[in-house]
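Asks: Position chain B relative to chain A; hints supplied.
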Amino acid sequence: MNLFRTKLASVNRITWYPNYWDIIALLFVLAGIFLFAWVAKEMATPYQLGQSTPISLNPAVLPFYAGRTVVRMLIALFFSLLFTFVFGTWAAKSRHAERIIIPAIDILQAVPILGFLSVTIASFIRLFPGSLLGPECAAVFAIFTSQAWNMTFVFFQTVRSVPADLAETGLMFHLSAWQRFWRIEVPYATPGLLWNTMASMSAGWFFVVAAEAITVSNQDILLPGIGSFIAVAIKAANLHAIGYAVLTMFIVILIYDQLLFRPLVAWAEKFKPEQQATEKTAESWVMNIFRRTRLMRKWGDKLAQLFDAFVNIKIFRPSPDIIFSKPLSKKNGNKLVGMLWEVGILLLGIAAFIFLWYFVAAHISFAEIRWVFILGLITTSRVFILILLCSFIWVPLGIWIGLRPQVAQVAQAIAQILSAFPANLLYPFIVMMIVYYHLNPNIWLSPLMILGAQWYILFNIVAGASLIPKELLRVADNLGVTGWTRWQRLLLPSVFPYYVTGTIAAAGGAWNASIVAEVASWGNEKIVATGLGSYITQYTTVGNFARIALGIGMMCLIVLIINRLIWRPLYVYAENRFVIGVSDV
Amino acid sequence: MSDPIIEVVEMQKYFKTGDRQDRLVLHNINFKMFEGEIVAILGKSGSGKSTLLRIISGLTEPSAGVIYYRGRLISGPVRGISMVFQTFALLPWLTVLQNVELGLEAQGLPRKERREQALKVIDMIGLDGFETALPKELSGGMRQRVGFARALVVKPDILLMDEPFSALDVLTADTLKSDLLDLWQTRMIGINAILFVTHSIEEAIAFADRIILFDSDPGTIRSDVKISLPFPRSDLDPRFRNQVDRIYTLMTAEPQEARIQDGMIDIGYRLPDVNIEEITGLLEILNSPEHNGKMDLPVLAETLTHNLDELFPLTDIVQILRFAKVSEGDIAITQEGKTFVDADILERKKIFSIQLTKFIPLARYIHNQLTRHPRHRALEEHFLSLLEDYLSEKEAEDVLRIVIEWGRYAELFAYDYNSGVLNLESGH
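For the protein sequence lines, the chains are A and B, in the order given. Numbered according to the numbering used here, the first sequence spans residues 1 to 585. Numbered according to the numbering used here, the second sequence spans residues 1 to 428.
Wrong hints could be hidden among the right ones.
To be verified - Ranges between beta-carbon positions, derived for each pair:
hint : chain 1 : residue 1 : chain 2 : residue 2 : range
1    : A       : L397      : B       : E347      : 53 to 61 Å
2    : B       : V421      : A       : D308      : 51 to 59 Å
3    : B       : E347      : A       : P493      : 32 to 40 Å
4    : B       : D169      : A       : D165      : 14 to 22 Å
5    : A       : D308      : B       : Y14       : 25 to 33 Å
Note that these hints are calculated values from the structure, not bench results. Glycine is no exception: its CB is placed at the ideal position from the N, C-alpha and C atoms.
Bound-form chain A, shown alone (with noise of 0.2 Å):
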């Protein structure tokens, strides 16, 4: 089960250092993030929200709460998937664009979302003055951005990807790019990009979570959902309440996992051209009950026709009279527009590189950005304390459950129904102790980065042990290597490639709950570590759009030059070496 191998998949493509693409698409998303702040901060007025309907701690309305979240993830999704059809096709249809949004893309997964979410929450509001519907676009928009790159990417490179054969098919028997695109592109994509989203999801519910409580310049905003119930028992200090919203979450993740990843992922299988033989048939109940029952068959039937239809609409039918159809390229006129599009990218990147120049001259000082610099890196070195600790606990653990099969069905299912719970739910818990016994936050309240983001590591070392081939065990116990040898020799290198993929997913879970982690309350009581992400928080609840735009950015690259200097040639690295088998496509 490769759940996250699709992650990195820019990797072969790219060098470590970047490219004029890079450094244009860099200019935009950091003159993009600045533009939103200096928005924000022109409105500086206090925000005209409706009568917000205060959030109640009874138990009761729990299930109401959770239907609005599940509400939000599910809009959010529809918008991601939208976002992935138009901008994947189009950059996988035309090079001029594929130039652009590859890269854009690809930095646009380095930014904090929830940071990202401090500065646009403030236009969304002004967008629908004086009613709620400004933080609703707010949180779906941070969930869009938690799933919407990753998603765009894995479709833009599988359509890329779709064999000669059946690319010439649709040409050879005419069918229109409408025609071939629901035929063949995206059915051939929906394996991969099912999975993704699916990932991405689980990221989700942390995001949703955290973006129904959110303070602004000073005002606290509180969306109907599991996010605000747990931040209202906070600062309530209602442990009870607090195990209600655990409990509700649980259930929450288990029937999304039950009702409708497995029965997707197992309806997936129908468009995979064959079965590798390492990987099991996905199976789901729901499924076999769907596919048995006559009166769902039925459905079925009339749901296949009515796509039938859809992808046979009239206006996207070339018309049947047509003996030849168009010319497969054309080349007149290509060149000339090619020429304009490049140099009307290259004049918004200028525009943006002065924008940035005078919006960061005007409000901050050098010493501010040194400042902020050295906090990434206090975070930046949390980040990899803690992926070393994890390391040393679960892959020893990881190598041992995927050794055992029976063991590792289990854990398996449960470690990844534990990477979806959203983490943040729990950390009251620990806030609590850490105020209690009066710990040192610095220290202490680190762990809460990793808490959600581990699970990642665990479940990829236990796929990867799980598909050592069984001959090579053999071969290792024909020979007597035991002990240390054997993990140096076998069993450390064969998880190695698991081991990359787990930790760089890890690592950026880590990140994108900094900005949450390092700041906590319990009650009245308030803790803040110092790094990045507290100072992001900070300035986000006083409302300093500039600071926030700062810390932004600076995270943003930071996750970025690290991306490049250690994640990416290490993954390209285990897999030339350390990859068993031909490939696992």
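Replies: Chain B alone, transformed into the frame defined by chain A:
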């Protein structure tokens, strides 16, 4: 005769390689196809035969020259020309029925009509009972039947087939071939001509009225052979065997062969992907008492169960290395070849290393470069960029990988995978 259905005039095709020059794949192609013909295109791998088929289908554009379909210029996929793919190219997420309906769907036929026509063809091609199956549930032969049904349901004028049977085992392929031939002869399908690419001489002779023989590097039409044996044709028929021998002789008399025999290959020669074991194995078979150093190529092909794509790369390389010589459809071992097989493992490496530096310019060049370098090392990128002047990126990588494998075996140089550094084998 009537007007040709397909006419190719003065056609050329280049592929982009490196920055400096393009590789000529098809050169000066002129050919016509008439109503009622089955034509086979036969040639070694890399002779551009599949490219020609793709150009006629409209999927690829020629670099120069024109193609006419019934007097009209082809500039993209044409309605009336249908294609069967080597890899079947079925959409794995569609059922057999939906796959067959695909072309009709594109024509905008209503759902009911689509279904009717598709079912008719499915019946005809022997797929009834499998309508709701997904392609992955089917065997290879059944999958290709779907491929045929899909191509036939749009009622094409011409059927193009790109090595349609090469992914199938012998028995399955034979059944499918005779079924198709039946359909063609009984005029059950409304096709007016079939053009197919193959690398099997037997297949071409069994099927075609005419064989277009291709030369490689660059691909040119060498000869146009009429096959007038009556149907059904049996490969046990002596007249059939005669035709096989005739084609082999024609193929080994290519100017390309002469170039190989004279040691005229240059540094950018596309070395065939053949490993040392295959070379040694071939020479051992030749040298065995029962063959006494000489074999008929068709017999060798049968012994090795190799088709043209596998056989000719092997015979090319043993010729280049001067281990054997091919003439008039026969292959004979040389003195060097004999010494090589008779030697022990270490001795073999020495002989191989001598032949390698003598006759493979690329191996010689790499060795020289390494000898000259003060620390006897060089980066693989250096050689790759040299090769990319002659070959595409992918081909250059393949060729370098092959020469590195041979060079390592010959202990001519060593190679480090991680750093991509080549250096002189030291201590030997």
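Asks: Confirm or reject each hint.
Replies: To see whether the hints hold, each was checked on the structure:
no.	hint	verdict
1	A/L397 <-> B/E347: 53 to 61 Å	holds (54 Å)
2	B/V421 <-> A/D308: 51 to 59 Å	holds (57 Å)
3	B/E347 <-> A/P493: 32 to 40 Å	holds (37 Å)
4	B/D169 <-> A/D165: 14 to 22 Å	holds (20 Å)
5	A/D308 <-> B/Y14: 25 to 33 Å	violated (43 Å)
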